[in-house]
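Each protein sequence line maps, in turn, to chains A and B.
Take the first sequence: its position 309, counting from 1, is numbered 309 in our numbering, and each next residue is one higher.
Take the second sequence: its position 381, counting from 1, is numbered 839 in our numbering, and each next residue is one higher.
Misleading hints may appear alongside valid ones.
What the hints assert, rightly or not - Below, simulated SDA-like cross-link-like pairs (lysine to any residue); rule was C-alpha separation at most 20 Å, straight line:
1) A:Lys388 to B:Arg479
2) A:Lys388 to B:Ala652
3) A:Lys388 to B:His638
4) B:Lys616 to A:Tyr279
5) A:Lys388 to B:Asn560
6) A:Lys388 to B:Pro480
7) A:Lys388 to B:Tyr558
8) B:Lys648 to B:Ala865
9) B:Lys727 to B:Leu937
10) A:Lys419 to B:Leu615
11) A:Lys419 to B:Trp486
12) A:Lys419 to B:Ala652
13) A:Lys388 to B:Glu661
14) A:Lys423 to A:Glu335
15) A:Lys351 to B:Arg479
16) B:Lys616 to A:Leu39
17) A:Lys351 to B:Gly611
18) A:Lys388 to B:Ala649
19) A:Lys351 to B:Tyr558
20) A:Lys388 to B:Val630
21) B:Lys905 to B:Leu488
22) A:Lys419 to B:Glu559
23) A:Lys351 to B:Asp481
24) A:Lys351 to B:Pro480
25) A:Lys388 to A:Gly256
26) B:Lys555 to B:Ala483
27) A:Lys419 to B:Phe554
Unchecked claim - Which stretches of chain A does chain B cover? Using the computed rule of at least three CB atoms under 8 Å from a CB of chain B, they are:
28) 385-398
29) 427-433
Said to hold, decoys possible - Derived contacts from chain B toward chain A, CB cut-off under 7 Å, selection only:
30) Ile589
31) Glu592
32) Val630
33) Leu633
34) Val778
35) Leu926
FYI, nobody ran anything at the bench for these hints, they're computed from the structure.
Bear in mind the structure is a predicted one, so any value in this text is a computation, not a measurement.
Yeah, the Cβ is synthetic: ideal placement off N, Cα and C, and Gly gets one too.
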Amino acid sequence: MNSVFVLSGLGIFSLLAEIFNAKRFLFPVVVLGLVASALLLMADWNQGTAHYSNMLTFDNYAVAFSMTLSLIAALWFLMSKDYFADHAHTTDHFSLVLFAVIGAMFMVSYTNLAMLFLGIEVLSISLYVLAGSSFGDIFSNEASFKYFLMGSFATGFLLFGIALIYGVTASFDLHVIAAHISAGTGDKTTWLYAGILLLIVGLGFKISAVPFHFWAPDVYEGAPTVITAFMSTIVKIAAFAGFYRLFSICFATVSGEWTDVVQVLAILTLLVSNITAVYQHSVKRMLAYSSVSHAGYLLISLLALNTISASAILYYAVAYALATITAFTVLHNIEADDENAVIDSFNGLVKRNPYLAFCMAIAMLSLAGIPPLAGFFAKYYMFTVAFKSGYIALVVLAVVTSLIGIYYYFRIIIAMYLKSTEKTGAIRVPLRHSVIFAITLLLIVIFGVFPELLVGLV
Amino acid sequence: MLTLFLIFWPLVATLVLFILRPDEAKRWALAASLLEMALCLTMTFAFDASRTAQFVVDQPWVASLGINFHAGIDGITLLLVLLTTVLTPLIILSSFKQNYENAPSFYGLVLFMEMALVGVFCALDGFLFYIFWEMALIPIYFICLRWGGVNRGPVTLKFFIYTLAGSLIMLVGLLYLYYHTPGDHSFDIKALYAAGHSLSPAEQGIIFWALFAAFAVKMPIFPFHTWQPDTYHTAPTPGTMLLAGIMLKMGIYGVIRWLIPVVPEGVEKWGSTVLTLSVIGIVYASFLAILQKDLKRLIAYSSIAHVGLIAAGIFTLNKVGMQGAMVQMISHGIVIVGLFYIIDIIVARTATQEMANLGGIRLSAPRFNTAFIIILLGSVALPLTSGFVGEFLLINAVFQYHFVTGAFAALTMILGAVYMLRSFQITMLGENNATTKVFSDLDRKEKWVLYPVVTLVLLIGIFPGPLLNISAVAVDDLLTIVMNYQAGIGH
Numbered sequence: 001m002n003s004v005f006v007l008s009g010l011g012i013f014s015l016l017a018e019i020f021n022a023k024r025f026l027f028p029v030v031v032l033g034l035v036a037s038a039l040l041l042m043a044d045w046n047q048g049t050a051h052y053s054n055m056l057t058f059d060n061y062a063v064a065f066s067m068t069l070s071l072i073a074a075l076w077f078l079m080s081k082d083y084f085a086d087h088a089h090t091t092d093h094f095s096l097v098l099f100a101v102i103g104a105m106f107m108v109s110y111t112n113l114a115m116l117f118l119g120i121e122v123l124s125i126s127l128y129v130l131a132g133s134s135f136g137d138i139f140s141n142e143a144s145f146k147y148f149l150m151g152s153f154a155t156g157f158l159l160f161g162i163a164l165i166y167g168v169t170a171s172f173d174l175h176v177i178a179a180h181i182s183a184g185t186g187d188k189t190t191w192l193y194a195g196i197l198l199l200i201v202g203l204g205f206k207i208s209a210v211p212f213h214f215w216a217p218d219v220y221e222g223a224p225t226v227i228t229a230f231m232s233t234i235v236k237i238a239a240f241a242g243f244y245r246l247f248s249i250c251f252a253t254v255s256g257e258w259t260d261v262v263q264v265l266a267i268l269t270l271l272v273s274n275i276t277a278v279y280q281h282s283v284k285r286m287l288a289y290s291s292v293s294h295a296g297y298l299l300i301s302l303l304a305l306n307t308i309s310a311s312a313i314l315y316y317a318v319a320y321a322l323a324t325i326t327a328f329t330v331l332h333n334i335e336a337d338d339e340n341a342v343i344d345s346f347n348g349l350v351k352r353n354p355y356l357a358f359c360m361a362i363a364m365l366s367l368a369g370i371p372p373l374a375g376f377f378a379k380y381y382m383f384t385v386a387f388k389s390g391y392i393a394l395v396v397l398a399v400v401t402s403l404i405g406i407y408y409y410f411r412i413i414i415a416m417y418l419k420s421t422e423k424t425g426a427i428r429v430p431l432r433h434s435v436i437f438a439i440t441l442l443l444i445v446i447f448g449v450f451p452e453l454l455v456g457l458v
Numbered sequence: 459m460l461t462l463f464l465i466f467w468p469l470v471a472t473l474v475l476f477i478l479r480p481d482e483a484k485r486w487a488l489a490a491s492l493l494e495m496a497l498c499l500t501m502t503f504a505f506d507a508s509r510t511a512q513f514v515v516d517q518p519w520v521a522s523l524g525i526n527f528h529a530g531i532d533g534i535t536l537l538l539v540l541l542t543t544v545l546t547p548l549i550i551l552s553s554f555k556q557n558y559e560n561a562p563s564f565y566g567l568v569l570f571m572e573m574a575l576v577g578v579f580c581a582l583d584g585f586l587f588y589i590f591w592e593m594a595l596i597p598i599y600f601i602c603l604r605w606g607g608v609n610r611g612p613v614t615l616k617f618f619i620y621t622l623a624g625s626l627i628m629l630v631g632l633l634y635l636y637y638h639t640p641g642d643h644s645f646d647i648k649a650l651y652a653a654g655h656s657l658s659p660a661e662q663g664i665i666f667w668a669l670f671a672a673f674a675v676k677m678p679i680f681p682f683h684t685w686q687p688d689t690y691h692t693a694p695t696p697g698t699m700l701l702a703g704i705m706l707k708m709g710i711y712g713v714i715r716w717l718i719p720v721v722p723e724g725v726e727k728w729g730s731t732v733l734t735l736s737v738i739g740i741v742y743a744s745f746l747a748i749l750q751k752d753l754k755r756l757i758a759y760s761s762i763a764h765v766g767l768i769a770a771g772i773f774t775l776n777k778v779g780m781q782g783a784m785v786q787m788i789s790h791g792i793v794i795v796g797l798f799y800i801i802d803i804i805v806a807r808t809a810t811q812e813m814a815n816l817g818g819i820r821l822s823a824p825r826f827n828t829a830f831i832i833i834l835l836g837s838v839a840l841p842l843t844s845g846f847v848g849e850f851l852l853i854n855a856v857f858q859y860h861f862v863t864g865a866f867a868a869l870t871m872i873l874g875a876v877y878m879l880r881s882f883q884i885t886m887l888g889e890n891n892a893t894t895k896v897f898s899d900l901d902r903k904e905k906w907v908l909y910p911v912v913t914l915v916l917l918i919g920i921f922p923g924p925l926l927n928i929s930a931v932a933v934d935d936l937l938t939i940v941m942n943y944q945a946g947i948g949h
């Protein structure tokens, strides 16, 4: 809980930094603050304390995900410092991002539907602004507007769902709802199921599950690259962790009623996203579809809903976020001289900067799920989760779609190592980015080889 | 402890490689692989041929999921690890005359590959086996992608997706077995055997194909072979040697250790199908080999034929066949590395691998000629060469299994002689032409590769006893597992 205070303090500090002329210190303070907030969270481990009349509960699930979010956010700041330097309102943007992280933390630690809603709104409203933060760029504006319209629409579904659940159970508190549902809801059962369905639609939009994914590629492509990186890591993880928290606590007892819907979502998400990604030329769009496809793998664990689901989600989220941050950092460097990179922009990268090419290759291999990298164990763990609950056919489908995934991830590797390019200038990588690469690559390998570090934490 | 060192020493060597100066990469890689070979030879002398798994390491790895780092060496493993560790220095040495761009990466990948291969052969835990199995694919993919020939992008991607598809299907199969192990589930090889034996015949049939998918693609067995000729052709010579010399043995090894004892009923049901496919593959590949004009492709097809015979011998499920397969795997690995190096020398001297452009090399390069003919005779299984022992046992086993199948399988010897001798005749005999007139004989570096190969071909041919002794107990042990199962269900 203290970490939420620290982050709020940081957010306010960065708002005021302009006035007190403290902009110089802002960046180091924020990065250190995020790391500190992750360390503070450790104090909450195994405590499970509830705050504000059960609004937020920092159980191990919440702590693990909040730590992940803080650390990924710290990496993200290292990655995107130059983007802020190029834009006038550094301080505003810093505080928007920080508040978005707080929203994300609410989404993984809520025990009250009101806090879920609040978290989603804090996160989303900051993002609507951030997506449009490249003022001069018409696509950035379009992305922002599209995200806002679709986001509000989805929020409507979510609210309606919450209202129906409240109507049935007369509470916003997750545990009260759960108790009420397992005690039987009598003649209001229909409204309960309608509510669950609306929640699936609203949250399905947030995790961009097919068929609620149409906004994702456009928004990801239009938004500035660093914001896209933020959306595809922090937002994705928070939204999914929130989704799982709600359904595993409240609706596990009636899982028979909604797993069919989620199964359809999972199948569609796996198939459509992977197949569409094959046809993309823009790297950002490709990564957008890849991020949609990873939502599909995550949905498998929600569907299976057994004792190891939560830990599989945590592992998957960490593995996915590390590889994605690496990929976006490389992309960010490529785009320094070539805005809106297509796959051909990676041509001959190994000649221009072999180190950068190596990092991208590892990121792609991890996303594709090749051992001994973390991405492999993440997928493998997902498969065991599904197997445990008997979803063998779904595992076979996921295996097929990960094969399709190889195709588009390897297009970048082939471009980097095989194709030639006229561009000769070597790409200089700033020290901050080298730090990110060192951290992420090391973690990708360490978590891949010693999965036990994360497995079974939650 | 020794096993751990044996598996991970090449990895350590890979990391050291990147600290050294780029021009030292070659020599360091050679030194590291020789050290690995020395270690393996030491273990061979310490190995007790009358026992099964030795030098066992068993450490919890992902304890909550029943995954252990369980590795050990028995006779079957030892032979294959010997093959790997003896061939790797030869392969590295054979690349000394090439100046590969970015040498540290190249040799790093070769050593990394060696680690994965040794790991595959030593693993006694299903998950560990799978990890090493996949890890062997990454370095060879990058070797082919970065240092390969024309059209390597699509060819290597096809190779990668093909083999990975097989592996992933195997993963599903392994998971299925894992969830049929008792208690908290385990990936231990004994637990997986028990799980496999507990399945119904129909389930065993499905698991058979799930596991066999990976092995069949890797070997490759007809009709899963379509990636192979193109990949062998496109890969740089050291890559082809790794693929043909060692990597395809992964598939055969997989069948021996991870298929036959796991689902005996499935093997019983589908073994004859696979045997038939193998024999079809032998004949089909032999005829295609006869039609090839390109030397590298000819050897690629010959490899399919030889592997077909090994697979056929294994699926007869008798001891003679298994033992024959073991010897033939070793022989094939050595011979094919020699043959690919011969082609590499020809290409380096004449810049062509079309047989029609060659001829009369014998006249200008007598030593090269002698080495070529001995290795070639090893390939066509002349008595007193390494190929004879294995092929004789294999064909013997297939004949015992079924007369007609045996007759077709025996064609591999005749057809093999046809295409190999024909290639020799066209390239080495006849009249000189402008390119071959100036063909210089073997130099010192080339002798260092070819003479050991020639020696091994003759040595194994004349004294096959030690090899057969090493694997005898382990083969018996595997067949006992199968027989106990069959006795248990009343066959």
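Consistency of the hints with the structure:
At roughly 50 Å between alpha-carbon atoms, lysine 388 of chain A and arginine 479 of chain B are farther apart than 20 Å, so this suggested pair is violated. Restraint check: the Cα-Cα separation between lysine 388 of chain A and alanine 652 of chain B comes to about 19 Å, which is no more than 20 Å; the hinted pair holds. With a C-alpha separation of about 11 Å, the suggested pairing of lysine 388 of chain A with histidine 638 of chain B holds against the 20 Å cut-off. Proximity of lysine 616 of chain B to tyrosine 279 of chain A is assessed by CA-CA distance (about 18 Å); at most 20 Å being required, the pair is judged to hold.
At roughly 46 Å between alpha-carbon atoms, lysine 388 of chain A and asparagine 560 of chain B are farther apart than 20 Å, so this suggested pair is violated. Between lysine 388 of chain A and proline 480 of chain B the CA atoms are separated by roughly 49 Å; this puts the pair beyond 20 Å, and the hint is violated. Restraint check for lysine 388 of chain A and tyrosine 558 of chain B: not satisfied, since their Cα atoms lie roughly 48 Å apart, outside the 20 Å limit. For a cut-off of 20 Å, the pair hint linking lysine 648 of chain B to alanine 865 of chain B is broken: about 37 Å separates their Cα positions.
Restraint check for lysine 727 of chain B and leucine 937 of chain B: satisfied, since their Cα atoms lie roughly 17 Å apart, inside the 20 Å limit. At roughly 14 Å between alpha-carbon atoms, lysine 419 of chain A and leucine 615 of chain B fall within 20 Å of each other, so this suggested pair holds. The hinted pair formed by lysine 419 of chain A and tryptophan 486 of chain B fails the criterion: a straight-line CA distance of about 30 Å is larger than 20 Å. Distance hint between lysine 419 of chain A and alanine 652 of chain B is unfulfilled; the C-alpha atoms sit about 50 Å from each other, more than 20 Å.
Taking the CA atoms of lysine 388 of chain A and glutamate 661 of chain B, the gap is about 18 Å. The hint holds against a cut of 20 Å. Simply put, lysine 423 of chain A and glutamate 335 of chain A have alpha-carbon atoms about 13 Å apart, close enough for the 20 Å limit, and the pair holds. The straight-line distance between the Cα atoms of lysine 351 of chain A and arginine 479 of chain B is roughly 19 Å, inside the 20 Å bound, and the hint therefore holds. Between lysine 616 of chain B and leucine 39 of chain A the CA atoms are separated by roughly 46 Å; this puts the pair beyond 20 Å, and the hint is violated.
At roughly 17 Å between alpha-carbon atoms, lysine 351 of chain A and glycine 611 of chain B fall within 20 Å of each other, so this suggested pair holds. Proximity of lysine 388 of chain A to alanine 649 of chain B is assessed by CA-CA distance (about 17 Å); at most 20 Å being required, the pair is judged to hold. Pair hint lysine 351 of chain A plus tyrosine 558 of chain B holds up; C-alpha atoms about 15 Å apart against a cutoff of 20 Å. For the hint linking lysine 388 of chain A to valine 630 of chain B, the alpha-carbon distance of about 12 Å falls within 20 Å, and the restraint holds.
With a CA separation close to 16 Å, the supplied pair lysine 905 of chain B and leucine 488 of chain B stays within the 20 Å bound. Only pairs whose Cα atoms come within 20 Å are accepted, and lysine 419 of chain A paired with glutamate 559 of chain B is accepted, the gap being roughly 16 Å. As the CA atoms of lysine 351 of chain A and aspartate 481 of chain B are separated by approximately 19 Å, the hinted pair is consistent with the 20 Å bound. Distance restraint check for lysine 351 of chain A and proline 480 of chain B: the Cα-Cα separation of roughly 16 Å lies within the 20 Å cut-off, and the hinted pair is therefore satisfied.
At most 20 Å may separate the alpha-carbon atoms for a hinted pair to count; lysine 388 of chain A and glycine 256 of chain A meet this at roughly 16 Å. Taken as a hint, the lysine 555 of chain B and alanine 483 of chain B pair is honoured in the structure, with Cα atoms around 13 Å apart against an allowance of 20 Å. At most 20 Å may separate the alpha-carbon atoms for a hinted pair to count; lysine 419 of chain A and phenylalanine 554 of chain B exceed this at roughly 26 Å. Requiring three or more residues with a Cβ within less than 8 Å of a Cβ of chain B, the coverage given for the stretch 385-398 of chain A holds, as 5 such residues are present.
Beta-carbon proximity to chain B at under 8 Å applies to 0 residues in the stretch 427-433 of chain A; the threshold of 3 is not reached and the given coverage is violated. Taking 7 Å as the C-beta cut-off, the interface hint given for isoleucine 589 of chain B holds, the closest approach to chain A being about 5 Å. Against a cut-off of 7 Å between C-beta atoms, the interface hint on glutamate 592 of chain B holds, since the closest Cβ of chain A lies about 5 Å away. Below 7 Å, beta-carbon pairs count as interface contacts, and valine 630 of chain B has one with chain A at about 6 Å; its hint therefore holds.
With its C-beta approaching chain A no nearer than about 5 Å, leucine 633 of chain B sits inside the 7 Å limit, and its interface hint holds. A distance limit of 7 Å between C-beta atoms decides the matter here; for valine 778 of chain B the minimum to chain A is near 37 Å, and the interface restraint is violated. At a threshold of 7 Å, the smallest CB-CB gap from leucine 926 of chain B to chain A is about 35 Å, leaving the interface hint violated.
Going down the numbered hints, you'll see the structure goes against 1, 5, 6, 7, 8, 11, 12, 16, 27, 29, 34, 35, while the others check out.
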